[in-house]
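Keeping their order, the protein sequence lines are chains A and B.
Take 1 as the starting number for the first sequence in the numbering used here and just add one per residue.
Take 1 as the starting number for the second sequence in the numbering used here and just add one per residue.
Derived from the structure by calculation, the hints contain no laboratory data.
Treat the hints with care, since some could be wrong.
Taking lysine-lysine pairs in the DSSO-like style, the calculated list, with each CA pair at most 27 Å apart, reads [said to hold, decoys possible]:
1) K71/B / K147/B
2) K12/B / K147/B
3) K131/B / K171/B
4) K131/B / K257/A
5) K171/B / K230/B
6) K244/A / K147/B
7) K244/A / K257/A
8) K71/B / K130/A
Computed beta-carbon distance windows for the label pairs [as the list claims (entries may be wrong)]:
9) L92/A / K12/B: 37 to 45 Å
10) D137/B / I231/A: 37 to 45 Å
11) V163/A / E134/B: 50 to 58 Å
12) L13/A / W192/B: 52 to 60 Å
13) L126/B / S137/A: 56 to 64 Å
14) D196/B / P253/A: 29 to 37 Å
15) S137/A / D137/B: 35 to 43 Å
16) G202/B / E250/A: 33 to 41 Å
17) S165/A / T94/B: 30 to 38 Å
18) L40/A / N110/B: 21 to 29 Å
19) P253/A / L111/B: 40 to 48 Å
20) K12/B / I231/A: 40 to 48 Å
21) I231/A / S2/B: 48 to 56 Å
22) E250/A / L16/B: 47 to 55 Å
Computed footprint of chain B on chain A; a stretch qualifies when at least three of its residues, placed anywhere within it, have a C-beta under 8 Å from a C-beta of chain B [what the hints assert, rightly or not]:
23) 111 to 123
24) 175 to 187
25) 244 to 257
Here the structure is a predicted model, which is why all the values come from computation and not from measurement.
Where is the CB? At the ideal position from N, CA and C, for every residue including glycine.
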Amino acid sequence: MPFLVAFPLAGILTGIAGVTVAIPALRLHGIYLAIFTLALSILMDDLIVLAEPITGGVAGKYMGGVEIFGHLVDRWGTPEQFFWLVLAVTVLVTLGYINLLRTPLGRSFIAVRDSEVSAQAMGIDIARTKTVSFALSCAVTGWAGALMGLYAGAFNNESFSVVISIQLLMMIVIGGLGSIHGAFLGAIIIGFLPQFLSIAKENVGALFGGSTVAIPGLEFGIFGMILIGFILFEPMGIYGRWLKIRTWFELFPFYRKDMFKRQKSYLKTERLR
Amino acid sequence: MSLLEFENVTLKFGGLTAVNDLSFSVEEGEVFAIVGPNGAGKSTVFNLISRFYDPFAGQIRFDGHDLLQVKPSGVAAYGVARTFQNIELFEHATVLQNLLVGRHRHRRTNLLSEVFFTRSARRQELENREKVEEIIDFLDLQAYRDKMIAGLPYGVRKVVEVARALATDPKLLLLDEPASGLSVEETTDMRWWIDDIRRQMGITVLMVEHDMGLVSGVSDRVLAMADGAKLALGTPAQVQSHPAVVEAYLGKAS
């Protein structure tokens, strides 16, 4: 199958998978929804092994370069081409999201997030909106997965493990939930952090007259601490911090500390449900 | 035919009868107020119209349609808009975005045309923005257009909620305590706005309100409720002097 056909299909198929997952997930909220999706991703690992005829099972599949309009895109042979391919997909997806955010569907996502009761009173079908949002995010993840397969060259049941999910989650929490800027900021930071850490380790080692600092598990520890730090002190992430600084300057001297606090009090009409 | 009709509606929560065999009808073009002591079931009437609750018995009809056949998200499509007693705005969005959500029931585009922002999606957005700007002008919200709800004072939020309901282009506007927590000046503003909403926009208003000054100032008819049942129905003056109403508020003279 030519890449230009297979690639969109990757998104469409995962989107359909997302809809089927969304139907049971509609009844769940917050932490239970998180547990449900996490369980699914672990289940997926086994499903890939079981579906050996299609997926190649534990042995996995191999992928060489692909050709797009006569250009060979191969991660090892022509890395620049691969970069342009990923960049193009990223730009297109981002543009799609920007468009979505300024049209009714995107606004209905915001509405359902902030108040389900009044979203309903405005004529927004909650179940439908949630299903569409699931399908959309699954489709985009499908495209990301296709690009990742191309990047890795070989992949099996362990290539897309739960570690990736956690890394993606970290990106979005650190960057800022619910914003396009946040996704990019988070990806940049999580992408550069390992490099930064290894440079830092060498420098610290040199400071004490030895070679690099070798403490097993140091990276994961620091990752975890950064995540905890953000959840405790800046739940809105780097983009949220930027918004607060901007608002502070805009409203000076009228900025109030609780301006960005998420209000979830029992007083709200949410107790209706 | 009346715009909104309640016919022998009863709603029970376990052993508590929240609405007891209630019948009334709201005529097109009037301002209709519901008053009563706390726990009389006034807000429950609103939540019944919004289809958040299924009545135990009875009929609710709007504009000739059986509302009980409609799901909660379908009520807006018939032209019913509402505000909430404890403001239910989309906190982490701007005033403009909140009002644009109000335009949702007029959505004609689908996922694909929105992602690609096609000509029809663009045209629809321009129309939505135009409508919303009219309402911003009407309710004097220009200064707050791009502000986040989370940073706005209470009185402004109250007005934004009315604005969002108006953005849906309703036939019937349900106002759940529009003046609660407002200052005297803000209440006076609200009074003129309700008057204008009815006169200029031709929208029927059904409101729950405790401020008797506001109620007698704008409403054509008043329904007094206590313990989920109808006490009295008539002009503001009639209801205020009705013996059963006086008794419900002040207790029986001994």
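Given hint K257/A paired with K244/A - CA-CA distance at most 27 Å: 10 Å, holds
CB-CB spacing for K12/B and L92/A relative to the 37 to 45 Å hint: 55 Å, violated
Restraint status (C-alpha distance of K71/B to K130/A at most 27 Å): 17 Å, holds
Residues of the region 175 to 187 of chain A with Cβ under 8 Å from chain B, three needed, outcome: Check failed, 1 qualifying residues.
Supplied distance hint 30 to 38 Å, evaluated on CB atoms of S165/A and T94/B: 32 Å, holds
Hint consistency between K12/B and K147/B [alpha-carbon to alpha-carbon, up to 27 Å]: 41 Å, violated
Whether the CB-CB distance between G202/B and E250/A falls inside 33 to 41 Å: 39 Å, holds
Stated coverage of the region 111 to 123 of chain A by chain B [criterion: 3+ residues, CB within 8 Å]: With 11 residues closer than 8 Å to chain B, the region 111 to 123 of chain A meets the three-residue bar; holds.
Assessment of proposed distance window 52 to 60 Å (beta carbons of L13/A, W192/B): Given a distance of about 57 Å, which is inside 52 to 60 Å, the answer is holds.
I231/A and K12/B - C-beta distance against the hinted 40 to 48 Å: 43 Å, holds
Proposed proximity, K230/B with K171/B (alpha carbon, max 27 Å): With a Cα-Cα distance of about 25 Å, the restraint between K171/B and K230/B holds, given a limit of 27 Å.
Outcome of range test on Cβ distance (I231/A, S2/B; 48 to 56 Å): 54 Å, holds
Of the hints listed earlier, those the structure fails to meet are numbers 1, 2, 4, 9, 13, 24, in rising order.
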